[in-house]
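Asker: As you go down the protein sequences, you meet chains D and P in turn. Under our numbering, the residues of the first sequence are numbered 1 to 275, in order. Under our numbering, the residues of the second sequence are numbered 1 to 363, in order.
Don't take every hint at face value.
Claimed, not checked - Chain D side only, calculated, beta carbon under 7 Å to chain P, not exhaustive:
| no. | residue |
| --- | --- |
| 1 | 165 |
| 2 | 167 |
| 3 | 168 |
| 4 | 170 |
| 5 | 171 |
| 6 | 173 |
| 7 | 177 |
| 8 | 180 |
| 9 | 189 |
What the hints assert, rightly or not - Dumping the calculated BS3-like pairs for lysine-lysine here, alpha-carbon to alpha-carbon at most 25 Å:
| no. | chain 1 | residue 1 | chain 2 | residue 2 |
| --- | --- | --- | --- | --- |
| 10 | P | 130 | D | 166 |
| 11 | P | 122 | P | 107 |
| 12 | P | 94 | P | 65 |
| 13 | P | 273 | P | 65 |
| 14 | P | 76 | D | 166 |
| 15 | P | 27 | D | 166 |
| 16 | D | 166 | P | 94 |
| 17 | P | 76 | P | 94 |
| 18 | D | 166 | D | 99 |
| 19 | P | 101 | P | 130 |
| 20 | P | 203 | P | 27 |
| 21 | P | 203 | P | 243 |
These are computed hints drawn from the structure, not numbers from a lab. Predicted, not measured: the structure shown is a model, and the values here were computed from it. Beta carbons are placed, not taken as given, at the ideal position from N, Cα and C, and that holds for glycine.
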Amino acid sequence: MNVRPGRIAVHIGLILYTILALGPIVLILINAFKTRRAIFADPLGLPNGQTFTSIGFDRVFANADFGLYFFNSLTVTIVSLVLIVLIGAMAAWALTEYKFPGNTLIGLYLAIGIMVPIRLGSVSILRMMVELNLVNTLTALILVYVAQGLPLAILILGEFIQQIPKDLRDAARCDGVSEYRIFFSIILPLISPAIATVAVFTMVPVWNDLWFPLILAPGDGKQTITLGVQQFIGQYVTDWNAVLASLTLAIAPVLVLYLLFSRYLVRGLTAGAVK
Amino acid sequence: MADVSLQGVAKSFGATEILRDINLAVKDGEFVVFVGPSGCGKSTLLRIIAGLENVSGGEIRIGDKRVNELPPADRKIAMVFQSYALYPHMNVYKNMAFGLKFAKTNKAEVDRRVRQAAEILKLTPLLDRKPRELSGGQRQRVAIGRAIVRNPSVFLFDEPLSNLDAALRVNTRLEIAKLHRDLGATMIYVTHDQVEAMTLASKIVVMNHGRIEQVGAPLELYRHPRNLFVAGFIGSPRMNFIKGQVLRVEGNIATIGFAGTEAPLAVRPASLKPGDAVTVGIRPEHMEEGGDDAASLRGTIDAVEQLGESSYVYMRLASGDDVIVRAPGETDAAPGGSYTAHVPRKALHVFDAEGVSVLAERG
């Protein structure tokens, strides 16, 4: 087989990066099934007959609130995701397809949203949520995450929508298809790879976020899983078994969602549309 | 089925004028071809008729109705795009049925129409395929099928053949001509290829710089181009143009001197006076090899292209003009030699300083 040295170098680089990226996850997974003593004695060792235990999981499941936190996280992530993708795609379509006064201005305004981290506005956001009586609700989190995710989503989806040949929309218009139908039946299916990309990019930070749950919804049973894990981390004693077990459980849903979307990450769906 | 009429149609993008004062009447069932160099506004005009572009002025009528304000879907038109514009995520059947679904057509009727169109275009075995699994010619047929199922009054084609290879182009051209005969619908077709225009059209509209230069049947344009642009655009290789001068005018007969010869020609009354500069046009295929008389052009041969059934001789006249002559396939002409070509007087065209034909109408 004829393999160029350049390709080998690239693959070595990629493999190293994969190990780097997967390392912490693997560490969490193997240590979640070990006794406390084994975690500290041999953090890199696989669980064996002596060190295996499911005590962490037992404690997590014994904690009735854990399921609730899980459900909270899932609700926030999925609702934010749907809203970001739907509103983002519609806005991207409007901004690229229709020329109206203020078009460029809105585009620029959104670009600023990518550059300025939303956490800078934490204080005013908190104040606003207090006035709106939204503290300790999932709605507060969803609103913030939608605002956080929209600018980038609009940028990415807009780029993709621009790549859809203009003739396709014109053909649909000649076919008597309404603008809404064009969006839902032609544009959305054609940008599904981009939507998958946006979904993955949006979902992970939302799921992992600790900041906003901590300041906006720290109580009343509205805690998310990242916040829930904190209860096992004490000032003096940390229940590492429970922490690692709950983290293991927390990884699962993102993993499932990722696998779901990664199918569509493959490009080339537009092949055959024109020419 | 419907007439299409354009009155004073104008279009500009910002300060740039794309179309100026377009007046055109397309009769029901006609096959009209818009032809012109790229950028002449022919595609824009087609998109205006389709309703995909707004006009800056003028009126468009399809049938008896003013359609300026109607969206494309309500104009009873169907358009076939250069890029085919098939919906990539739908199979052939759905591509054709998609538009009908929203036109409140019942399912059985949609199915009947799609299958009928597929039958006409020999697409039946391909109905379940996705566009990416089709060849260029097949995609083109699906695009045409999508137009047929809408049962439109007017078909609009935007350079439909330019993405096909040469052999397929000839084939599809014939299929489109046949389709026009079978359906009897009005068809408007845009192309930059004058061969397509000549072979398909019942009426050609030659456009240049956003204006209509001439409208007429293909042979009429070939025989009686109204100006230099049309004369040069229709015909391949293009008409030879030689600088000339008016020597004498007697009544309607002007004697034109060019390239060392002279020819008396019937011109429109009072169109020329002695001393006027003119351009004389003669098509390569109308000149005859040999002959050595007063009406002959002599020159040296620059190049010879042999095509088998004929040859093109590129010669330079003593006057400095370059001329192409279509010679028989077995010509003896060779580069560097001298060459003589007879110019039949009735094949001459004469254009005045503005490039407008001054010849009196010939039968």
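Asker: Hint by hint, say whether it matches the structure.
Answerer: Hint-by-hint comparison with the structure:
| no. | hint | verdict |
| --- | --- | --- |
| 1 | 165 | holds (6 Å) |
| 2 | 167 | holds (4 Å) |
| 3 | 168 | holds (5 Å) |
| 4 | 170 | holds (5 Å) |
| 5 | 171 | holds (4 Å) |
| 6 | 173 | holds (5 Å) |
| 7 | 177 | holds (6 Å) |
| 8 | 180 | violated (11 Å) |
| 9 | 189 | holds (5 Å) |
| 10 | 130/P <-> 166/D | holds (20 Å) |
| 11 | 122/P <-> 107/P | holds (22 Å) |
| 12 | 94/P <-> 65/P | violated (31 Å) |
| 13 | 273/P <-> 65/P | violated (48 Å) |
| 14 | 76/P <-> 166/D | holds (21 Å) |
| 15 | 27/P <-> 166/D | violated (30 Å) |
| 16 | 166/D <-> 94/P | holds (20 Å) |
| 17 | 76/P <-> 94/P | holds (20 Å) |
| 18 | 166/D <-> 99/D | holds (14 Å) |
| 19 | 101/P <-> 130/P | holds (19 Å) |
| 20 | 203/P <-> 27/P | holds (10 Å) |
| 21 | 203/P <-> 243/P | violated (31 Å) |
Of the numbered hints stated above, those contradicted by the structure are hints 8, 12, 13, 15, 21, listed in ascending order.
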